[in-house]
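Trainee: For reference, the chains in residue letters:
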Amino acid sequence: MTDMSMSKTSRAVGIEITGVNLSYGTTHVLKDVALSIRPGELFAFLGPSGCGKTTLLRLIAGFAQAQTGKVLLDGRDVAPLPPWKRDVGMVFQSYALWPHMTVAKNVAFGLEERRLPRTEIDRRVAQALELVGLSAYAERRPAQLSGGQQQRVAVARTIAIEPKVLLLDEPLSNLDAKMRVTVRRELRALQQRLGLTTIFVTHDQEEANTICDRIAVMEAGVVRQVGTPMELYENPANLFVANFLGSANILDERSGMPMPAGKRLVFRPQHAALSSPEGAALRGPVTHREFLGATVRYAVRIGESEILIETPFQSGNEMRSVGDQVGVDLPPRRMLFLPA
Amino acid sequence: MALAGMRSPGQTALALAIALFLGVFLIVPVVTVVYVAFTEKGGGGFTFVNFLDFGRTDLFVRSFWNSVYVSAMTVVWASVLALPLAYLTTRFEFRGAMLVQTLGFLPLIMPPFVGAVAMQLLFGRNGSVNLLLDEWFDFKIGFMEGLNGVIFLQAIHYFPFILVNLSAALRNIDRSMEEAAQNLGSHGLRLFRRIALPLALPGYIAGASLVFVKVFDDVATPLLLNVKEMLAPQAYLRITSIGIDDPMGYVISVVLILVAVATMWATALVMKGKDYATAQRGGGGLARRRLRPREQVLAYAVVILILALVLAPHVGLVLLSFATVWSYSPLPDGYTLAHYTRVLGDSSVYIKNTLIYAGLAATIDVVIGGAIAYLVLRTRLPGRQWLDWAASTALAVPGVVLGIGYLRAFYGVNLPDGTPLATLWIVIVLAIAIRRLPYALRAAYAALQQISVSLEEAAENLGATKARTVRRVVIPLMTGGLLAGFVTSFATAAVELSAVLILVQSNSDAPLAYGLYVLMQTPAGRGAGAALGVIAVLIVAICMWLSQLAVDRSQRARGLDI
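Read top to bottom, the protein sequences are chains E and C.
Residues 0 to 339 in numbering that gives the first Met the number 0 are what the first sequence spells out, letter by letter.
Residues 0 to 561 in numbering that gives the first Met the number 0 are what the second sequence spells out, letter by letter.
Selected chain E positions facing chain C (in silico; Cβ < 10 angstroms):
hint	residue
1	R57
2	V90
3	Q92
4	H99
5	E112
6	A153
7	T157
Worth flagging that the hints you see were computed from the coordinates, not collected in a lab.
Glycine included, every Cβ here is placed at the ideal spot set by N, Cα and C.
For reference, chain E alone in the conformation it holds in the complex (with noise of 0.2 angstroms):
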């Protein structure tokens, strides 16, 4: 009965992943991925180019096959349906505005395809255009727009047939970096407006931590940590994770300090402080220095590896010089044992 009443109040959907596996020839993209997307939610699939996070979204929009596992949009298997089947609207990391027609045309294309009264097409295009802040350009070619507009036309498209879920392929890697920040949070807003299930893909985890509300990380086509982007930071499952978001130091047992058997030590350059090398379990050579203004940073070396470490800049701060020996000061709760 609640199942009732929640579609009711929202018509927004989850999506469940199970168990997929996905090959091309001997390649294997994804591996055993299993993910639960909430209905409503702003998801991110975050990894290096290759992880498979783009054969992933595709796979969810009918454009790639697994070999085993389910794909569930809001409780249905969707594997018998072709991609013009599956109400899953898709935003293309090329934005895919087809040229030979107007702006106006292309966000009526999907409802025309579903043979929809002229009067509602006009209607919904209309507003799916406003919704974007385009109105006034319906009748302009793509060319004749900066990439940004351009963004928001593919949008408007894609939301304009009212999907069960919005699939966004790396949205804002074809914008320059100050628009990437407006449009990312317009896309926020936009989908907080909508309250629309979707599906974020980034190689770039600030776009990540920004705007959604979970992440999941991927790695050469496995799903490695999911969660939100402070308990992936706080928190970050193994190595891979504690690289990818924001920059880590990583020593093993060669360092001098005492870890469990197959762990690593991991923390975060801001996490530790210098201190004078007598009696430091850390100790060795500054190696660099760079001064980034509200910081100094330093990189210190620690038998073969070599870490960095972040102090605050103040004036009358005691400063290190390349080849000073400095012991690491670093508070237990700050320290992080992952497997390697």
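Following the hints, complete the assembly by docking chain C onto the known chain E.
Mentor: Same frame as chain E, now just chain C:
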């Protein structure tokens, strides 16, 4: 391009020499044709009377509309053949795709007039196919009746132009263009019609307009099928039957030029703003769908039927060349080598002439094409672009018009011993060279554009003069591309007929294509004509293969991983 900063007297002299050559052998003949068309017969005054006469003569008006009809219908039927093949090969996993793509080279190997008579014997009223249809099903199909025959033959020959352009355009569409449409609910033929086809339209139009112009300008194919009421054949017939003083041949020529120019202009107009450069951002094209078993059967049926049509002229030609007698029967009565002994014996002069003419013409093309490319891309000579434009206008000048222009412009020019310049065989060579120049020019451009300017700057920096840099760096690096240009020019020059038809004065000066045309006119000569045709096809095929070899080798030599 710092290198282009200076200009040397040598470059200026070269540019002037090329300008003179193009002026005398392209501009003057064409201008002469236009001039005569607007001049009173006998008198010298400017007049539109000739054009009014043209418009008042039923024969010409009929011929004009026949030409338009035939060209347009050829485009339609060529599209009907090309469209399914392009769709099949670019959107489905289909083993026959390779087979279909190789069809693209067939029209280059054999111009339509070569197979005309053979096709008459295969598809004519009493040809093989109709005899069999009559025997089995009691009806005949008028494939070759009147204008239909021309359309049928031209469509079979020229559809690969559309196929090649359209397939390339379809393959170049970014896969996300079609995936986006699928994502929004479209699929199958509807998606092809709404997204893929409009995006490939520029490629289709480029192919279609080329076919239209080529068919409109063709003299020999209609004549060999005994269709005289078309415009290009009329121009030829007027000049050869009434004489070079009759203004009608010139008026028709001007109309032919206007149609060619108008077609190109209209094409450019339609293409404007439609340059949908949706080139791939990495990744292959659209994931191709595997055909279901029943679709596969259908697809193979389509491909085999079209392949059979495309090969028909070649098969017919080979049969005819070995046939003793072949009429009113599906296959020849008997087989003989007599035609080959005949053409390799007393008709071997045709072959010898062809090799000389095509060889000389291709040499001229490569030298001039290479020089123009160098002047345009590597110097700042004022007006260098004009050389390119002038050479390229040859594309818009039908062969028959160039032939008429030569005849008129050079007939009055006598050599010291009194023979008119226009009757010399070298004039045929020059006409062919001008006709093929645009192709060699494109090849030279492509070859030169692949060479980095810094290679030349390095040579000059080390003390080489401009001339020595060209000789020791530029030409060696361009060799592969120029060689390919030479072979292509040679191959197409070997089967050039429309200009030749007008310029040949005696059989001893005639090339193979002319010999073939003359022999094909009489039933007794057909076998020998076909044998010549087979030899021509072999020459061209070998050239095409050599050209491919030259390109491959030069790319490998320069370590280009293409």
